[in-house]
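Chemist: Chain by chain, the residues run as shown.
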Amino acid sequence: MRTKIRRKNELKAWLFLLPALLLAALFWWYPALTGFVQSFLTVNRNGDVTGFAGLSNFRLLFSDKAFLNSLRVTLTFVLLFVPANTFLTLLAASMTRRKNRFSSIPEYVFFAPVAVSLSAYSLLMRELFRGSASVINRLTGLSGGWITTPAGAMATLVILGIFLDFGLDYILLMSAFRSIDRNVVEAARMDGAGGWRLFFHIELPMIKETVMVTVFLALKDALLISAPIIILTEGGPFRSTETVMFYYYIEAFKSGNRAVQNALSALVLTLAAIAMVIYTNTRRKRPWDR
Amino acid sequence: MGPVRRPFDTFKFILRKVVLAILALVIAFPILYMFSSSLFSARDFGNLALLPSSPRWSNYTRVFALRDFGIQLVNSIGTALLAAAIRTTVIILAAFALTHLNFRGRGLVLSLLVMTLFVPQEAILYQNYRTVATLGLLDSWAGIIATSLFSAAQMLLLMGSFIAVGRDPYDAARMDGATDIRYIRSVLIPLSTPAILTVLVQTLITVFNGYLWPLLVTNRPRTRTIQTGLTMLGFAESGETGAQMAAIVVITLPFLILLAFAKKKIENALIRK
Numbered sequence: 001m002r003t004k005i006r007r008k009n010e011l012k013a014w015l016f017l018l019p020a021l022l023l024a025a026l027f028w029w030y031p032a033l034t035g036f037v038q039s040f041l042t043v044n045r046n047g048d049v050t051g052f053a054g055l056s057n058f059r060l061l062f063s064d065k066a067f068l069n070s071l072r073v074t075l076t077f078v079l080l081f082v083p084a085n086t087f088l089t090l091l092a093a094s095m096t097r098r099k100n101r102f103s104s105i106p107e108y109v110f111f112a113p114v115a116v117s118l119s120a121y122s123l124l125m126r127e128l129f130r131g132s133a134s135v136i137n138r139l140t141g142l143s144g145g146w147i148t149t150p151a152g153a154m155a156t157l158v159i160l161g162i163f164l165d166f167g168l169d170y171i172l173l174m175s176a177f178r179s180i181d182r183n184v185v186e187a188a189r190m191d192g193a194g195g196w197r198l199f200f201h202i203e204l205p206m207i208k209e210t211v212m213v214t215v216f217l218a219l220k221d222a223l224l225i226s227a228p229i230i231i232l233t234e235g236g237p238f239r240s241t242e243t244v245m246f247y248y249y250i251e252a253f254k255s256g257n258r259a260v261q262n263a264l265s266a267l268v269l270t271l272a273a274i275a276m277v278i279y280t281n282t283r284r285k286r287p288w289d290r
Numbered sequence: 001m002g003p004v005r006r007p008f009d010t011f012k013f014i015l016r017k018v019v020l021a022i023l024a025l026v027i028a029f030p031i032l033y034m035f036s037s038s039l040f041s042a043r044d045f046g047n048l049a050l051l052p053s054s055p056r057w058s059n060y061t062r063v064f065a066l067r068d069f070g071i072q073l074v075n076s077i078g079t080a081l082l083a084a085a086i087r088t089t090v091i092i093l094a095a096f097a098l099t100h101l102n103f104r105g106r107g108l109v110l111s112l113l114v115m116t117l118f119v120p121q122e123a124i125l126y127q128n129y130r131t132v133a134t135l136g137l138l139d140s141w142a143g144i145i146a147t148s149l150f151s152a153a154q155m156l157l158l159m160g161s162f163i164a165v166g167r168d169p170y171d172a173a174r175m176d177g178a179t180d181i182r183y184i185r186s187v188l189i190p191l192s193t194p195a196i197l198t199v200l201v202q203t204l205i206t207v208f209n210g211y212l213w214p215l216l217v218t219n220r221p222r223t224r225t226i227q228t229g230l231t232m233l234g235f236a237e238s239g240e241t242g243a244q245m246a247a248i249v250v251i252t253l254p255f256l257i258l259l260a261f262a263k264k265k266i267e268n269a270l271i272r273k
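Sequence order for the protein chains is A and B.
Numbering-wise (our numbering), the first sequence opens with residue 1 and increments by one.
Numbering-wise (our numbering), the second sequence opens with residue 1 and increments by one.
These aren't lab readings, by the way, just hints derived from the structure by calculation.
Fair warning: there could be bad hints in the mix.
As the list claims (entries may be wrong) - Per label pair, the in silico range of CB-to-CB distance:
(1) G70/B / N9/A: 45 to 53 Å
(2) R59/A / L81/B: 25 to 33 Å
(3) D139/B / D181/A: 47 to 55 Å
(4) F102/A / R130/B: 31 to 39 Å
(5) G256/A / W57/B: 39 to 47 Å
(6) A164/B / S56/A: 48 to 56 Å
As the list claims (entries may be wrong) - Listed next, the in silico SDA-like pairs over lysine to any residue satisfying Cα-Cα at most 25 Å (straight line):
(7) K4/A / K264/B
(8) K8/A / L112/B
(9) K264/B / A24/B
(10) K17/B / K8/A
Unchecked claim - Covered stretches of chain B, as calculated for chain A (at least 3 residues, CB under 8 Å):
(11) 33 to 47
(12) 50 to 59
(13) 62 to 71
(14) 204 to 217
(15) 247 to 256
Using N, Cα and C, we set each Cβ at its ideal position, and we do this for glycine too.
Using the sequences plus the hints, can you model the full thing?
Modeler: Put into structure tokens, the structure is as follows:
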């Protein structure tokens, strides 16, 4: 009798989990495995396997100058974007961390970027930063060529990236500040801590976990950026904004280069797995054992 | 005794407000420019204007006169709603089973699902494109939403919320002879509203705003979503940037309004008291 109920319960549990498992298998596990396996095989344009390739796909990838350039571009983007993004979102969150009568206005402004889509922001920035005669230059008195020059295009891409991530990072950080136990802050204040000291020695360390999450999200987005580039610069001028994933998009969907596409797929998956292992190990608590 | 205010404190207070105002203005600027420039004439764009010389409302009529714009808007809204409904259902069921039911292999299933977080969709774009093409789902709503129907991160969010509800209401409901589905519907969902609402809103926005995936799986103007269509309306090429901006306003404004209402709820879901 007991085992019968138990078996019924088990069956029910699997039924509830079936849709999630099917989707995970079809759109995550199966493509990841085939990408990984095929990176060691020769595959023709139609996707049929024609032989064993060993490491030649990877050799092909690393001998492509365009790929090496895309590595350099991606690294530059990460180094510019991640610190700028972290600083600005922390600044916005820390300045609105205390609730008052007027705080809901800046809160809404900082939250609003989540409502603006990637293509909308990309088109807006393309217009605002369109060249030396642009609205931004008129407002700031600068004279840069923005998206028409290699350095300017990178700067515009960094600014676009900040807008794309700002809303979500802000809400995470701001909620973390407000989740801090008031008693701890009050006690520190009683002990004479105030202003900067209170912020840097008490409040900021208490939201360290959330800051880590936003840095990690920024890092992930920066390493994988491709869609905004398709709209903003198409990789140019002179491949100056051709990131690794933009290069993947071009090779996989425009050139039909299966060797490079599969090798890159396997490489990114391996790096992602390593990154996730490091990330979960640096966090004392795993997200699912709350 | 309250803290004593010194002149330096007042200075710092003002400085803080000024920095806050500047940052808010910078963040709001592209959105403000979007509204303003949606009423620009071609000349206003040439003059690098900030406000329209005279509001050109015809930019909006130009947008709605495009046949594909309406269809693409419907495609976007339809796929976003459908994906949000399916994804939320899928992860509610999974999160319930993982938090409330005892069964062998629970740990394995949990790791298998959570480990999808290790697999960025961007790296398997081509393989997923092949799968969707093989299933004959190109140029269809099903193809557009196929890769958005599950999210391990959101499942973990719901599991956290379900654990917070505790087991007592479940045991009580079982004693009264309620089925699991009934318990989920009339107890678990109402008690986890903030988390579920977060999942729904997040999914709606993500799918509605999707760009690269819909671009890949749709080829005909009538099957595209508005986000991919937006870059192909042809306004920019024909010098009608004002109409382009008007199109952006039309698809952004509803979300700005939705956000104003959902903001409080999303904060409640994230702020731990």
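Chemist: Among all the numbered hints in the text so far, which are the ones the structure does not match?
Modeler: 2, 4, 7, 10, 12, 13
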